[in-house]
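Taking the hints into account, I'd like the entire structure generated from these sequences.
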Amino acid sequence: MSATSWKEPEVTEALAAEHGIKADEYARLLEIVGRQPTFTELGIYSVMWSEHCSYKSSRVWLKQFPTKAPWVICGPGENAGVIDIGDNQAAIFKMESHNHPSYIEPFQGAATGVGGILRDVFTMGARPIANLNALRFGEPSHPKTRQLVAGVVSGIGHYGNCVGVPTVGGETNFHKAYNGNCLVNAMTVGIADQDKIFYSKAAGVGNPVVYVGSKTGRDGIHGATMSSAEFTEDSEAKRPTVQVGDPFTEKLLIEACLELMNTDAIQSIQDMGAAGLTSSSVEMAGKGGLGIELHLEKVPQREVGMTPYEIMLSESQERMLIVLKPGHEEEARAIFDKWELDFAVIGHLTDTGHFVLKMHGQTYCDLELAPLFDAAPLYHRPTEPTPAQPALDLDESALWPSDLSLADILAKLVACPDLASKRWIWQQYDSQVGADTRFISGQSDAAVVRVHGTNKALAMSSDVTPRYCFADPVQGGRQAVAESYRNVSAVGALPLAITDNMNFGNPEKPRIMGQFAGCVEGMAEACRVLDYPVVSGNVSLYNETNGEGILPTPTVGGVGLLADGHKAVGLGFKNDGDVILLVGETEGHLGQSLYLREILGLEAGPAPAVDLEAEKRHGTFVREAIQAGLITASHDVSDGGLQVALAEMAMASGKGADLAGLDGWHIAELFGEDQGRYVLTVKPSDVETVEAKAAEAGVTLTHIGTVGGDSLTAPGGLAISVASLVEVNESWLPAYMDGKLG
Amino acid sequence: MKSAVIVFPGSNCDRDIAVALEQASGRKPHMAFHKDTELPDVDVIAVPGGFSYGDYLRCGAMAAHSPIMKLVKERAAKGVRVVGICNGFQIITEAGLLPGALIRNKSLKYVCRTVGLTVENTDSDFTKKYTKGQVIGIPVGHGEGNYVADEETLKRLEGEGLVAFRYAALPSQTADQANPNGATNNIAGIFNAERNVLGMMPHPERAFDPLHGNTDGRAFFDSLVESLS
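Residue numbers (the numbering used here), protein chains in the order written: chain V, 1 to 742; chain W, 1001 to 1229.
Treat the hints loosely; a few may be bogus.
Simulated coverage check for chain W against chain V, where a stretch passes if three residues somewhere in it have a Cβ under 8 Å from a Cβ of chain V [unchecked claim]:
# : stretch
1 : 1014 to 1020
2 : 1100 to 1113
3 : 1202 to 1208
Pair ranges (Cβ atoms, derived) [as the list claims (entries may be wrong)]:
#  : chain 1 : residue 1 : chain 2 : residue 2 : range
4  : W       : Lys1028   : V       : Asn262    : 17 to 23 Å
5  : V       : His452    : W       : Lys1128   : 28 to 34 Å
6  : W       : Ala1061   : V       : Ser405    : 56 to 62 Å
7  : V       : Ser731    : W       : Asn1185   : 26 to 32 Å
8  : W       : Lys1028   : V       : Thr454    : 15 to 21 Å
9  : V       : Asp564    : W       : Leu1228   : 31 to 37 Å
10 : W       : Asp1222   : V       : Lys176    : 51 to 57 Å
11 : V       : Glu727    : W       : Phe1033   : 48 to 54 Å
12 : V       : Arg423    : W       : Glu1194   : 51 to 57 Å
13 : W       : Lys1035   : V       : Asp576    : 55 to 61 Å
14 : W       : Lys1002   : V       : Leu258    : 23 to 29 Å
15 : V       : Arg528    : W       : Leu1228   : 56 to 62 Å
16 : W       : Lys1002   : V       : Ala563    : 49 to 55 Å
17 : V       : Asn262    : W       : Ala1061   : 31 to 37 Å
FYI, nobody ran anything at the bench for these hints, they're computed from the structure. This structure is a prediction, so every number in the text was calculated from the model and none was measured. Heads up, the beta-carbon is just placed ideally off N, CA and C, and yes, glycines get one too.
Right, dumping it as structure tokens:
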């Protein structure tokens, strides 16, 4: 291979358009650069200005989120958010989407989604302790759904299991709005010492810029641009833009980076995620207000003959960029040699303020760096508010199909795709590695993982109800945050902060931008009232296929703290004779409920209203009662309403209950999705204490019944064995994946 | 009791087993790296779970040929106790310390859940604190834990009491849920003929601490401590 210089194609407006740069953006680019850019420069601008990297449509809205609290150490803008969890320790976490790649190539798309979010967290000095995944697929009957579920789940397992980080929680839903765009939102939570947190702001002119990890190949070129466009029929042809993950190398990279972080060698560090070497080097130098010069022939390469353009735009995985303090090169190199990873000094920081790329002495890029970093277009896109849904007009006889008993209805609900057991999925994930796992999804409302070597534990949950967001973006936004707060509180943890993953359709459509704006408004309000700030996040737009957008899906990843992990409470009934209490008020709101959708085939009505003050009051009451050791089981009331919540508590334990307190309850009250409610169980001897505390806190408690037996029974006809509920709840997903259903 | 834990590139249960060994014995295990050519004098060597060398070749095949495994084999021959858990079981089997092989789970899927185990033989330094026939719950997490061996080997394992643990249904499970991987004769763990080497797919270090909600693995470590202190 003799080629040491390349003749690059001439840059034209048409070539810019092929790179996703619109005509007005290209004019702006020419003005900033002051000349025709080179081909490599065009590639660099195209990824830095992509929606994925620049947040050009969403940034103006995201400013509404509250991001500060006394316990927030670092809010949005870094690789991940950082919060104080006491004892000089910090929790570092973020959620990120890998939607587009996962639809095109589910196994590698999902696997590299996990890899990418892990890197965002250990880049900052944290050892990852837990992964969660929020997955949304199309309707089960859609021909692609089964293959996507199989591929995504297997990809997540492949990566997370090998890398040795337990996958402990998440959610999986199905809806036809995701037929052409599945959502894969991956969250990682890690722990670091507060005096060992690493940031990406480069400093020190002349400091060496070091490349570590895997070699650079031709995979993933233009992934960021692909993720910033709608899908069409021929999107499958974009498969080469999906990267290939290697969890073994990631595991070595975690160990090597954490070992290096224990020395005093690192000035700043950033992972190479979307837009690879380009965005990492531009962001690091940009944050430091410096220039950077790279010599691309020094970049470890997987194949010969790669051009500067390809090297800069590759999204090969498992790579990091580090600015070392001077004189630490050999110390750092020894660590990466030990872990058998590539290590190369590829350039240095400069005071020129320019982004300079050379290869074999020839210059391929010489751009002023600041505009790349902070002069991306910023759009105030037009918004159109979502029209209010008309109120439901259904009387009891229309609500209750005459051919179904209460037991039939309950069995049908717990077997529906959204509520059916996801055991088939989570048994494929190693949820126990680390030996610090207390609860995983299905055992409690939030996953609980101990902070290694302490008694503390973190509670983690991912939540959003897209059908509410579609019906009413503001209420839906509030509800997503409130449900996260509720799930974290339900295990007894204090909710501290959230990461958000905003998944929406095409922002150029006012209706979609209206959904975005509405959800942000509701989320921001809930975060303020609940003292639950946003510390990190990710936006995924253009989730549309052939003009059809997904349901607005602002996934909320919440993290809370338990001072003593042993006090965490699960959702399964615990002891025969325990008294079942309902926290909160029940009005019977059926709009947008699963009952309407699954039993009556209706997706209609307004979303349930969220009373944020009540959420706070109820959450605080539940948390304090758990901390006082008064609660034996705890579960929030969400999809499917009270009757389903009770069934879930029974199924998780195999224990039944006598639900005498439901005497005279109507369908709407049994299955309505009123917010702010929890079901608690309490030993008979503690009921008076709990009641007194509730009265003091201004919280409504209703006696529902008593744990015991092996059936759920209630006056008015409900009688169903827990075993039969478990049977239908457990059988749907395995049968579906075996091709026996849908 | 002095112990060592072997760390391969891609091991991921090395810390977990070290924590359990330290808590049970009161002594910090020596952490030995795969390239090490020396190993201190220890009573027990643990080969931990994980994905050594990514398991991109046959599981455990690369690790079995690493420098440290030469030492592990020498020590095993001298009677030092060696336990391989999960990937460790695959590694010591590949290294020839135990007969048979661990192939892809019958379901072709990775499986992580708590399985029931019958303690088949309590006449060993690893199992003496259990009672024979006792059913315990221990988590597994593997894609290739399906134990196979030729008929003669199986006959020998069964005839000489070398099956340590066998999959069994827990009270909450049906009989067909007992075996998570299709292993022959429900074999979950085996000894060598001298019973100083044990390989097992389940992870006792994941059922050790009250926080795990299950401490059935505790007696495994207590057996070692009682035998070797």
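Find the hints from earlier in the document that the structure breaks and name them by number, from lowest to highest.
12 and 16
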